[in-house]
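Peer 1: Spelled out from the first residue to the last, the chains are:
Protein chains: 2
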Amino acid sequence: MGEFELLQRIRQRLPQPDPRVRLDSGDDAAISAPGGATATSVDALIDGVHFRREWSSLPQTGAKALAVALSDLAAMGAETGEAYVVLGVPPDLDEEGCIELLDGMARMAAETGTTLAGGDVTRAPALTLAVTVVGHAESADDFVTRAGAQPGDVLAVTGELGGAAAGLLLLEGAGSSRSSFHPHSGRNDDRERLLIARQLEPRARLEAGRALAAGGATAMIDLSDGLGGDAGHLATASGVGLLIDAAALPIAAGVAEVAAAAGRDPIEPATSGGEDYELLAALPPELLAAATAALARQGEAGLTRIGEAIAGGGVEIRLPDGGLLEPRGFDQLG
Amino acid sequence: MGEFELLQRIRQRLPQPDPRVRLDSGDDAAISAPGGATATSVDALIDGVHFRREWSSLPQTGAKALAVALSDLAAMGAETGEAYVVLGVPPDLDEEGCIELLDGMARMAAETGTTLAGGDVTRAPALTLAVTVVGHAESADDFVTRAGAQPGDVLAVTGELGGAAAGLLLLEGAGSSRSSFHPHSGRNDDRERLLIARQLEPRARLEAGRALAAGGATAMIDLSDGLGGDAGHLATASGVGLLIDAAALPIAAGVAEVAAAAGRDPIEPATSGGEDYELLAALPPELLAAATAALARQGEAGLTRIGEAIAGGGVEIRLPDGGLLEPRGFDQLG
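Chain order of the listed sequences is A and B. Numbered per the working numbering, the first sequence spans residues 130 to 463. Numbered per the working numbering, the second sequence spans residues 130 to 463.
Extracted from the complex, chain A is given alone in its bound form (with noise of 0.2 Å):
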């Protein structure tokens, strides 16, 4: 397989671009006419790291290094428009296999209206990806950043947490009932099929994030990392502290009993695990029905609040009992 033959086979794979988009991968770089203001972020996916590949289909895994590049979009209530991908090949991924990674990350492309605009192949000790998002907005103020939320804002946050990490239990073998977790058999069940896709399947919530934009939201952020160490990055940006009631956070179905079979705290996945990438938004009280009126017509997640925004600084968890939880978050390098 030759570098240059794999990126032309890649691009007649790809559709048209974007009309924003003047010229696409083939050039030395991709030419675009913006307009407005852009928001920009890049995300790494790498085998052994942030997923497995015995775990994980290509597609899948092609999917996934997009989406989440895109949650971070969604979290600054962007419009989705280019994206720029390295992807490095390890020696037993043959061209077939990238074809195959790549369709998995051209679907979520055309899913999500972006279009993949340029990228590099390279030999790599193993799967890795890193994706760079632009996304689009009228102006630079239309952007949400972590920085905005007051004392009294409310928080809420979208879709269901803690999913993603049961899926990670059970994939480990840990948290079911059977040994060991078998990705492509029929032997799970559908509440355990559901966590699993959350881990292996994630969505950006691009539409979400947009209404939670235009509804008032003064700031938001993506979890990516679990909700303790997220919110404590939004609490620091915005110089306010934050108070979460830990019965109102929407934990996804099955995510308790899978944290128990495991050995942890039912409410770990949730609070400390990571990789939901939900939104977590600071609105105005006032707001707050509106917004999740916006999200309960686009159908896709609902909207919960789970605590409020209050002067001084950090975040405190407050367990039903009265106890605090100590908030966590993941670390990459940790």
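These are computed hints drawn from the structure, not numbers from a lab. Please note: incorrect hints may appear among the correct ones.
Stated by the list, open to error - Pulled a few chain A residues facing chain B out of the computed Cβ check, cut under 10 Å:
| id | residue |
| --- | --- |
| 1 | THR169 |
| 2 | THR261 |
| 3 | VAL273 |
| 4 | ARG275 |
As the list claims (entries may be wrong) - From chain A, some residues computed to sit far from chain B (all C-beta separations above 10 Å):
| id | residue |
| --- | --- |
| 5 | ASP156 |
| 6 | LEU187 |
| 7 | ASP351 |
| 8 | ALA375 |
| 9 | ALA377 |
| 10 | ALA385 |
| 11 | ARG393 |
| 12 | ASP394 |
| 13 | ARG426 |
All C-beta atoms, glycine included, are put in the ideal place defined by N, C-alpha and C.
Take the given structure of chain A and dock chain B to it, following the hints.
Peer 2: Below, chain B alone, put in the same frame as chain A:
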């Protein structure tokens, strides 16, 4: 070392961003207001594939990763803008090592007017750098692609060729009268030192690229994979044939000797070696003198006429004896 602590240390060391960048690293995404048109390119450097840590210091590696990415912007004639960096950290690289590497990259950014606007730090099996760069122009038409060369255009190249490949031969222990090259010893002569610097410390020809774009270049490409292969890309994209006169190539001093000592054809580093990051440009013949004078005023790199574009297709490199050299490029996956 924690990911967030490292990111914070990195942020504190970066200079103030360009005014175009409204919000740099530390949020979900960086916000920018590009104004006109953008050119975006991505490149990866991986230990054991593109460089070797035992040959290249950490600051050299960081600087090279950015320079290699910027070279694609040079080939578009773009103004430099922002860079987004994925740093994959292997088990044996500590926090101080990461800072050293990023300091080298930050110096290259300062030297080229590039803002390091965002990034992602993660664990990896081998030191991995993936750099996305964004360049700017007033309108998309100001960029020079690979696709505009016309029959009758002259073909010109900046600077000197073959140095990076000869430097690699020296680092590999071939091409020198000594048994192996010692990167940090005083035993190597100045000419060998310069060749090795071409390999380890490349510079993107950003000013030359802008001068060539302003001076009417019809097509341009940077020489990353070797003259033969890269000329082929330009020929294909433009729908022309290219005739290159081997005797006219501006081969760096010492290259032929190093190649001969390594048992290679003396012209091979200049035609097939790659990594010189010079620019190959097509120009209407009447504009060559002014472009040559413009580069001479910059004082960084000369401009040498090496051939011409003709009707047809493909690349022919004519040797002084009248024979033809098979054009060959370097293929990352080959």
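Peer 1: So, for every hint listed, does it hold in this structure?
Peer 2: Right, here's what the structure says about each hint:
1. Restraint check, A/THR169 versus chain B: the minimum CB separation of about 5 Å is within 10 Å; hint holds.
2. At its closest, the beta carbon of A/THR261 sits 4 Å from a beta carbon of chain B; the interface hint therefore holds under the 10 Å criterion.
3. A cut of 10 Å between beta carbons decides the hint on A/VAL273: the least distance to chain B is about 9 Å, and the hint holds.
4. The interface hint given for A/ARG275 is met, as the beta carbon of that residue sits about 5 Å from the closest beta carbon of chain B, less than 10 Å.
5. With a least beta-carbon separation of about 5 Å from chain B, A/ASP156 fails to lie farther than 10 Å from that chain, contradicting its non-interface assignment.
6. Listed as a non-interface residue, A/LEU187 keeps its Cβ farther than 10 Å from every Cβ of chain B; the least gap is roughly 17 Å.
7. Distance to chain B contradicts A/ASP351 as a non-interface residue, since its nearest Cβ pair spans about 6 Å, not more than 10 Å.
8. The beta carbon of A/ALA375 is kept farther than 10 Å from every beta carbon of chain B, the shortest such distance being approximately 23 Å.
9. The claim that A/ALA377 lies off the interface holds: its Cβ sits roughly 24 Å from the closest Cβ of chain B, which is beyond the 10 Å cut-off.
10. Chain B leaves A/ALA385 outside its interface by the beta-carbon criterion, the shortest separation being 28 Å against a cut-off of 10 Å.
11. With a least beta-carbon separation of about 22 Å from chain B, A/ARG393 lies farther than 10 Å from that chain, consistent with its non-interface assignment.
12. No Cβ of chain B comes within 10 Å of the Cβ of A/ASP394; the nearest lies about 22 Å off, and the non-interface call holds.
13. The beta carbon of A/ARG426 is kept farther than 10 Å from every beta carbon of chain B, the shortest such distance being approximately 24 Å.
Comparing the model with each earlier hint shows violations of hints 5, 7; every other hint is respected.
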